[in-house]
Amino acid sequence: MTIQLHVLLKEREKENALPRVTAFNRIDGPGSSQDLREFQQTFWRIPSIPCRDDPSRIWTSNLPRTVGITIDTGTRIEARPFDPERIAVKSVDYQTLVTGFPGEIKPIKENWLLKIMEIFNLKGVLFVLKNIREGIHSSGLGGSSTATMGVCILANELIGRPFSKFQLISLASRIEQDMGVSITGTQEQSNVMYGGVTDYVWFPWGKPGIADSGYGQSLRYELLPPEDYTLLEKRMAIFHTGKPRFSSEVNLAWRKALLTDEGYKLHSQKMEVAYQYREALRLKKWDHLLASIEKYRKIRTKLCSEYMEGSWDLLERAKSYKSTAFPLGAGGGGGVLLFSPKAESIEKLQEELKNIYQEIPFNIRSRGHELKDMPLKSDLHY
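Going by the working numbering, the first residue of the sequence shown is number 26, and it counts up by one from there.
These aren't lab readings, by the way, just hints derived from the structure by calculation. Please read these numbers as outputs of a predicted model, since none were measured by experiment. Honestly, I wouldn't trust all of these hints.
[As the list claims (entries may be wrong)] Straight-line distance between alpha carbons at most 27 Å, and here's what the computed BS3-like set of lysine-lysine pairs gives:
id, residue 1, residue 2
1, 397, 259
2, 373, 268
3, 259, 190
4, 379, 347
5, 268, 190
6, 379, 397
7, 134, 155
8, 320, 290
9, 281, 268
10, 367, 320
11, 323, 309
12, 39, 397
13, 35, 397
14, 323, 367
15, 134, 190
16, 309, 344
17, 310, 268
18, 327, 290
19, 347, 309
20, 323, 373
21, 344, 259
22, 373, 347
23, 281, 320
24, 397, 367
25, 259, 290
26, 155, 347
27, 39, 115
28, 134, 281
[Claimed, not checked] Across the chosen pairs, the derived CB separations fall in these ranges:
id, residue 1, residue 2, range
29, 124, 368, 44 to 54 Å
30, 344, 239, 38 to 48 Å
31, 368, 128, 31 to 41 Å
A virtual CB, placed ideally from N, CA and C, is assigned to each residue, including glycine.
Turn these sequences into a full structure, and let the hints steer you where they fit.
Here it is as structure tokens:
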């Protein structure tokens, strides 16, 4: 049955209490792209899970994994009253408005967020999306997936949470990829759901021996507690090259490489490097962290030289400060992570770059999203 939100949202609008969600971006690193479906399925094997585990999770070292670091950039999505018979999505930053009648939404790229609203049987509502910070489009921080997951979370909350967390992650990932918005996995979506400095070990069909819906899930481990976030923040910086590209172009090259002998061998090295990155973060071994970033970037570049397009200058400048650079996402341009084991090196590098590239300041967050003024299920008008 269609859920009519027009009346409820009109009332909430008068009270200045329209429901909204703020969905946050993430910094990726060694392990990113392992969350794509092909990579999860290609390299995953049923693991031997020990009865007694330890923080190193050594038994996961050969499984596909990604470490997500949640930061305070992202997208704010507000639900507003709209034409009682229609639904709509408005992007403030991209200056677009897409509308339609529930039951008539075609599954095309431009309708991907509208299609999610239709899936949840919503009616009479407009979702307004706005980036928390301006001028960071195509920055490799997972922006499109953040928006997609935010819409899923908000729609799910508005009708009383019919879907589980894993189902929402799967829904967001599949809609975004299958409707041609982006080649995506489940990393950004999981980050919006959970947040923090988190290690995700991918289980594409769920955990063996545990009955569930089969949507897949992840083993999650917090690598740094919030009180240690500043230790990492002061060793990192993000700058935008001013040359954004679509991540799907590079992701597609990596997928094609997976089908070749040489590409398969290179991709198969990534699990071990991602595990080294995970352990370096957990143990705060900053020299090891730099080494894992370097190894992973070199593998990525061999697989697709365009990955580094627009980033070579930043890498050379970083090296002069005993730091390194890692283009974020898969775009080969846009946002680039700079890391040094020594905080003072990053400070000097930031000073050199401030008049050359745009810095994207950030703080690490322990949660992937925040909800405000959510209605109760009993408030709904059917």
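Hints, verified against the model:
1. 397 to 259: violated, 30 Å
2. 373 to 268: holds, 24 Å
3. 259 to 190: violated, 32 Å
4. 379 to 347: With a Cα-Cα distance of about 18 Å, the restraint between residue 379 and residue 347 holds, given a limit of 27 Å.
5. 268 to 190: violated, 35 Å
6. 379 to 397: Roughly 35 Å separates the two Cα atoms, so the pair is violated.
7. 134 to 155: Satisfied, since the Cα-Cα distance of roughly 19 Å is no more than 27 Å.
8. 320 to 290: The hint holds at about 14 Å.
9. 281 to 268: holds, 24 Å
10. 367 to 320: holds, 19 Å
11. 323 to 309: holds, 23 Å
12. 39 to 397: Roughly 16 Å separates the two Cα atoms, so the pair holds.
13. 35 to 397: holds, 17 Å
14. 323 to 367: At roughly 22 Å apart (the allowed maximum being 27 Å), residue 367 and residue 323 satisfy the hint.
15. 134 to 190: holds, 24 Å
16. 309 to 344: holds, 21 Å
17. 310 to 268: violated, 32 Å
18. 327 to 290: holds, 11 Å
19. 347 to 309: The hint holds at about 18 Å.
20. 323 to 373: holds, 25 Å
21. 344 to 259: holds, 17 Å
22. 373 to 347: Holds, at about 11 Å.
23. 281 to 320: Given pair residue 281, residue 320 holds - Cα atoms ~21 Å apart, limit 27 Å.
24. 397 to 367: Distance ~38 Å between residue 397 and residue 367 Cα, so the pair is violated.
25. 259 to 290: Not OK: residue 259 and residue 290 at ~35 Å, beyond 27 Å, violated.
26. 155 to 347: violated, 37 Å
27. 39 to 115: Holds, at about 21 Å.
28. 134 to 281: holds, 23 Å
29. 124 to 368: 44 to 54 Å: Given range 44 to 54 Å: holds, Cβ gap about 49 Å.
30. 344 to 239: 38 to 48 Å: holds, 46 Å
31. 368 to 128: 31 to 41 Å: At roughly 56 Å between Cβ atoms, residue 128 and residue 368 fall outside 31 to 41 Å, so the hint is violated.
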